[in-house]
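A.B. asks: Chain by chain, the residues:
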Amino acid sequence: MVAIIGFALGVSQAALALLLAPGLVGLVRWLKARLQNRRGAPAWQPYWQLAKLFRKEVVVSSNASWLFRAAPFIVFTSTVAVALLVPLLLVPLPFDGVGDLLVVVYLLLLGTFFLSLAALDPGSAFGGMGASREMTVAALAEPTVALAIFALALSAGSTNLGQIVARTMSGPAAVSPGHLLAFLALFIVTLAETGRLPIDNPATHLELTMIHEAMVLEYSGRYLALIEWAAGLKLLIFFSLLSNLFMPWGVATGITASAITLAVASLLVKLVVLAAVVAVLETRIAKLRLFRVPELLSVSFVLALLAVTSSFLLR
Amino acid sequence: MDSAFSQLCVLGSSLVLIFGLILLWRRGVTAYINAFMWQSIVLAAVTVIVARFGNVAELYWVAVCLLLLKGLVIPRLLRRMERRFSAERELEPYVNTATSMVVAGLLVLFGYAVTRPLVALSHLPTRVGVPLAMGLVLVSLFVVISRKKALTQVVGFLMLENGLALLAVLGTYGIPLIVELGVFLDALMGFLVMQIFIYQIHETFESIDVEQLNRLRH
Amino acid sequence: MRTLFALMLAGYALGAAAAVVIPRGRGGRGLVAAGAVMGGGAGFALALQVLLTGAPFVLEAPAMLSIADGLLFRIDRLGALFLGLVGFLAVPCGLYGAAYSEGYEGRASLRFLGSMLNLFLLTMSLVPCAGNVLTFLLMWEGMSLTSYFLVLTETDEPETVLAGGWYLAMTHAGLVFALAAFLLMATGSASTTFGDLRAAAPALSPSARNAVFLLALFGFGSKAGIMPLHVWLPRAHPAAPSHVSALMSGVMIKLGVYGLLRVGLDLLGGGPAWWGALLIGLGALSAVIGVLYALMEHDLKRLLAYHSVENIGIIFIGIGAGLMFQTFGLPALATLGMVAGLYHTINHACFKGLLFLGAGSVAHALGTRNMEEMGGLIKRMPRTALFFLVGACAISALPPLNGFASEWLVFQALLGGSAIPQLEVAVVMPIAVAMLALASGLAAACFVKAFGITFLAIPRSALAEQAHEAPRSMQAGMAMLAMACVVLGLLPFAVVPILGSTLAGMGGVTPAAIELTRGLPLQVPGASGQMSPPLLALGLVVLLTLVPLGLRLLGAERRGRVGDTWGCGRIGQTPRMEYTATAFAEPLRRVFAELYRPTRDLSIDFHPASKYFVQSIEYRSEIHPWIERLLYDWPIRGIRRVAVRVRRLQAGSLHLYLFYLTLAFLVLLTMARWSR
Amino acid sequence: MTEPLSPTTNDLVRLLHEVDDRARRLFGRALAIREVDAGSCNGCELEITGLTSPVYDSERFGVHFVASPRHADLLLVTGPVTRNMAVPLVKTYEATPAPKLVVAVGDCARTCGVFKGGYGVAGSVDQFVPVDAFVDGCPPEPAAILRGILTAVGRR
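Residue numbers (the numbering used here), protein chains in the order written: chain F, 1 to 315; chain Z, 1 to 218; chain G, 1 to 676; chain C, 1 to 156.
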């Protein structure tokens, strides 16, 4: 009986994440617009955009193979699977046993892997360029993510997300300087993985500067909708990872109405705060030259390494 | 009784050594072949003496083999080969006769020095001849090095064989029969190979002067 | 058990004989394949029996060879594991070989290829069965020689002969070290059987044990292809026919790992901490540098060969971690490390074999291995493309497949490193984690390049234009391995306990610690991480069916139209507009430029009229791995210089040589006489 | 400081609300525009970029400029169609998924304007792609462009 409730909660949590994702992207765009003192599209604009895209016709290149059609579904599925594993509201997560932080990272890599392949499929130079850069950034971000996991696992004794969140909530002693450094490292990786400034400009029209956008130039209609939705969900996942792994206060431990509503509220607050930080950041700084990005990623790697060594020393 | 036995052995081995030295002294391949033949005969005699006095039965067989193989068969083959290459006199060897004799002398002395512990160690009456045999081995080695004619080198090599056989007979009353047969087989094989080798040289260089060989290198 | 052993020998012997008797024609090749399949199947069955029952299979045959107490076959669980691996891979490769060797009908002698293949499989299966040093080294040398001849099947290409030269030199150098290790170990023991060596090992002095370990590391490391000794691997594997390079890359280099485990863990029973640290260091180095050079390759099989170096690095990291934990007395984590290494050995055998077979069928269809001339093969070779995709996902450690399961275990083993009391040793673990993560990230990038450029988009050459699907038996071989990748990925909880049991009782690994996982999820002791691949795969499949269903229910637009690829409205698209393998890897080449140090020479010849107009510009940039420049070119040049001087000694005159002879003789005599 | 807003801002706001509810019916509040320069002197482009400026801020009404015609609903074509831009324009039109609209901006688009008869000019936009609305003016004000979009969206 308890398992079914847990299962239902897990699925509903993922459904909530799915619903919130486009809103989050809209929120960031709206905040950026306000900062450029434009009224900007309302936060729920992406929902209209997705609805419209689902009703549009699909134009597929003649060179493309079955992989081009299958990739959006694989990307969407892997991202939703990650949403099932990440603790948004509830800590004793029903799906905790299925996958830990490493599984989350590699599932996202699965999505990037197939998106890059699909970008290569139509045979246009933009797709190749986007795929090559995306995989380079993903490959260079891996060690940072691994070390951040190592730092978290060190203090929590396990890589399972539920345990990490529970351990960090258990008391202020758990929040060591290692956590702060790991947070900063993961924040830079978030910017890299979700294609935000300073690594990649989501609103650019110049194909030569795109990374994520260049890969999806060939997609249209419902495939494009799935990919945009998955990208939004990925942003939400990274934000919730950042918030719940490092600042888990407010995450519900018991299944009571009050705890759940508190959890939802704290989640929304954290998401808004992070969105604001990203929006301010994107308005303030300019895009890095592509071959300066590895330097930024090496900064994040050093931060993660310091996080690990400091949590080693304090053990 | 022993002293007669050892006396005879010393005589035999010194005769064998002298025949070896003839090789250094004389020029002309026929002289070498005769020297080799007589040397083999004397070696067979020494083996018979040791068999008789040391009452080692199988040495008689060894002596018969020696006599047959090295006394008759090989010299006849050598003569046939020598006739084939007609009266090619031994060219000026690397080392003229005088120095080669001096070197031979030194080598015999060295043989003595090297085998002194052996002699001191062994209690056999024939131990006295061992240094002479070692001397022959060294001299025949020197012959092989210093002579230009391939045929002479072959005879030198066969003398080396004789030296070793003598060393074995005097040192330890002969080596087990199997090893002995092995040695004979090796000698025969070596000889055949050299025969072919010499024909080849003759074909390519119209002379069996080994000096020509270094034209092959560059 | 005995019948299975006999069946295995008979199978391979039949295959070899068939190759000699009827080399030409489908019948001959069929028989060769049948021999290999029978031998492999029997070997696999024997291994399973030994693994499950645990009773070692012993076969004495002293009469065969009288020296060093004759041939002795003793298969314990560790040996059975590797025997099973050889048998398991022999079946698909044999099947694959039947059709693949048709390509050699005219060129290389099939009689040679078929017989050598079966002998290679025979000797490779008998290496893990060896009970004493003589049998082990005999089969080891047999394996090296037969694989050398197999590498040389295509002797019409000059670089194959060169590759063969490198391969022979490296393997025999390795053999010398391995032999030295065994001899050093055998000094104290009564006989050279592994049992006696194991008994005599504690009596060895620590410095002797270290010497034995280092010698074994050099000997077996060169066969495994660990970093400084890997140079033969990217040369020999592409030269060999594909099913042979699949066997070599899938299984032969694993016997290097087997040898190291047998000597390091079983006979010596573990050692000081720096052994583990050295293995982890070398492994991490191989993993990163192996994949970096793989990225720069555009010869498909050389790329895969470099990836073998990377995966061997990962295996060494696992085993190194196991050894290190064992030194600090943490049996549970030691088992975890070792099991992670062994599990990755099996997984690598499956997906690397699959990838090489895939690359082979591409080379078979196109006749070239250069990726820059491929493209669009997914439409012309759909099934091969699918199998290659499964292999690519497995090697890039993507979740539902087996590559991820074993890499996850290696990560957990390294994360367990925090339990090591000594700080300066424990710091090795995070660095290894970082390098392992970098290697797996770069591997994913490399296989996007490999799969994308080879199979997707438009064919870049006429060869790729009329490529045709691989024949049925080749597909069967690949299908079997692809199935293995999926099954091994989904059922780790079945495979991992067996792997744990193979190490029971070796070097202080108590059977109690073996109980590694129970039930569906993969529960890790100590590090208590948990993952359940089958549930994960189930979830992914369910979602993958739900999403299109949902779309249809919500009435998403179904209309679709095929148009031209969007290229800013350019008129017509030619293959030259596509991204190439070199272009794909260019950002990473720029990032790791210090490591690659590519040579760049630009030659511009200007138009005679004015210097502003150019007739042609030629840009050439090559990467000569600096490891080879550092560790191999320099000694080779040195040896060559010494050789030239020595040549002067050969003045060519017979007398001179005889003089040397006599001189040596005299010197020896004097030494014997006066050196009392 | 830019010059203060002219008094006609309120009818401008009314206009934008019209675009808003018109667009909703057809494209449900989200309109993706791909701007195609078929040979214009970039005068119209300047005005189009004015659309995304804080003053006109077409973004708030769901009008969004995209990089690829695959993502677009409406093609904003400027300038007379030159010979070498003829085929690309048609290809861009084909690359856009249905339902799609075309708005020809500026006099050149309708009558090749000042470039009429030039050796490089192939013709006006409607000779190559079906045009839903023309926007006159050389260059037309951003408000005029918006009105053009409105008529295109309204008619469909």
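Among these hints, one or two may not hold up.
Said to hold, decoys possible - Stretch-level coverage of chain F by chain C, calculated; a stretch enters the list once three of its residues show a Cβ under 8 Å from a Cβ in chain C: (1) 27-39; (2) 179-185; (3) 213-220; (4) 292-301.
Treat the hints as calculated values from the structure; they're not laboratory data.
Cβ coordinates follow ideal geometry from the N, Cα and C atoms, glycine included.
A.B. asks: Give a verdict on every hint.
C.D. replies: Hints, verified against the model:
| no. | hint | result |
| --- | --- | --- |
| 1 | 27-39 | holds (count 5) |
| 2 | 179-185 | violated (count 0) |
| 3 | 213-220 | holds (count 5) |
| 4 | 292-301 | violated (count 0) |
The structure is inconsistent with the numbered hints 2 and 4, although it conforms to all the rest.
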